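Q: Sequence:
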Amino acid sequence: MNFSNTKSSQKATSRIRELSADEETRRLAFVRERALRDEVSFLNDAKREGEQLGIEKGKKLGIEKNKRETAHNLLKLGVLNDEQIAEVTGLAVDEIAKLRIEDKH
Numbered sequence: 027m028n029f030s031n032t033k034s035s036q037k038a039t040s041r042i043r044e045l046s047a048d049e050e051t052r053r054l055a056f057v058r059e060r061a062l063r064d065e066v067s068f069l070n071d072a073k074r075e076g077e078q079l080g081i082e083k084g085k086k087l088g089i090e091k092n093k094r095e096t097a098h099n100l101l102k103l104g105v106l107n108d109e110q111i112a113e114v115t116g117l118a119v120d121e122i123a124k125l126r127i128e129d130k131h
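For the sequence shown, my numbering begins at 27 and goes up steadily by one.
Calculated directly from the structure, the hints in this document are not laboratory data. The structure displayed is predicted, hence computed values, not measured ones. Any given hint could turn out to be false.
Stated by the list, open to error - Under the rule of at most 30 Å between Cα atoms (straight-line distance), these lysine-lysine pairs were calculated in the DSSO-like manner: (1) LYS102 to LYS85; (2) LYS91 to LYS33; (3) LYS130 to LYS93; (4) LYS83 to LYS73; (5) LYS124 to LYS85.
Sequences are here, hints too, so could you generate the full structure?
A: This is the structure in structure tokens:
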């Protein structure tokens, strides 16, 4: 009977180990899955942030380009002085002076 108890104990211990291993495997799989979801979420957030920064930068560049084009056109008309063009475009007076020199070349 002692042999049988030992054999039963071994079976029970073995089964407990199997169940524990399965629980541990499930836990590890859950942790890994959660980490992967977090990583995907982080990358998606970073992508959206990068896109937004790119859009903002593009808008600023477009506005600056438009100001310079307007200044060039006003310089070609030859009606306004540098201070007036600066006031209309929002560019600095020294920037208008540089554009005036560029237009002469």
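Q: Confirm or reject each hint.
A: Hints, one by one, checked against the model:
no. : hint            : result
1   : LYS102 to LYS85 : holds (26 Å)
2   : LYS91 to LYS33  : violated (85 Å)
3   : LYS130 to LYS93 : holds (19 Å)
4   : LYS83 to LYS73  : holds (15 Å)
5   : LYS124 to LYS85 : holds (23 Å)
Going through the hint list in order, the structure does not satisfy hint 2, though it satisfies all others.
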